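**Student:** Sequence:
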Amino acid sequence: MTVDAASPSGRARAEIETIDLELDRAFDRILDAVERVATAAESMAPEVAEGILVAVTEILEAASVRDIAGQRLTAVRDAVDHLSETIHRPTEGGLERNRDKSAKIEEKQDHGSSSESGLLNGPQLPGAAKTQSEVDALFDKLD
1 MTVDAASPSG RARAEIETID LELDRAFDRI LDAVERVATA AESMAPEVAE GILVAVTEIL
61 EAASVRDIAG QRLTAVRDAV DHLSETIHRP TEGGLERNRD KSAKIEEKQD HGSSSESGLL
121 NGPQLPGAAK TQSEVDALFD KLD
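Note that the UniProt record's numbering has the sequence shown beginning at 1, numbered continuously upward.
Since the hints were made in silico from the structure, they are not lab data. Predicted model, so just to flag it, every value in this text is computed and none were measured. No residue lacks a Cβ here, since even glycine has one placed at the ideal position from N, Cα and C. Heads up, none of these hints are tricks.
Label-pair restraints from in silico Cβ distances:
no. : residue 1 : residue 2 : range
1   : Ala33     : Gln71     : 18 to 28 Å
2   : Ala69     : Thr131    : 17 to 27 Å
3   : Ala49     : Pro8      : 45 to 55 Å
4   : Ala69     : Val135    : 14 to 24 Å
5   : Ala129    : Ala49     : 35 to 45 Å
6   : Thr57     : Asp140    : 24 to 34 Å
7   : Ala128    : Glu58     : 25 to 35 Å
8   : Lys141    : Ile52     : 37 to 47 Å
9   : Leu83     : Ala33     : 32 to 42 Å
10  : Gly10     : Ala45     : 51 to 61 Å
Here are the computed lysine to any residue pairs in the SDA-like style, where the Cα-Cα straight-line distance is at most 20 Å:
no. : residue 1 : residue 2
11  : Lys130    : Arg72
12  : Lys130    : Asp140
13  : Lys130    : Gln71
Between the sequences and the hints, there should be enough to build the whole structure, so can you do that?
**Tutor:** So, in structure tokens, the structure goes:
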């Protein structure tokens, strides 16, 4: 990977790509190790294996953080790309035109593009999402 050291946005993009790659490698190692532990547990006494397999399941559930981190990195990568394009592209309308494009990007982030219709925009930032009790209350209203 070549890093454009003269460009802060190029450096930021390279850092994001490196984080993503390192997370993938670590996640693959975790999955490989978990599979080995689960296989070894199959040859143990049932009362021992049960506890190990419960722990293996918890590890796999916790490893879902990789997917969430990937979604967040994609959001940051898109923001860096947008900022880089905005800064480095001369415009006829100047600042006003860039504000219009920023509004379109915010609209896409809020509602998705037509090709992404119905898809989530990734995980919510802490404090922005509904709490579990609020979600449960919504389901309670359906009964």
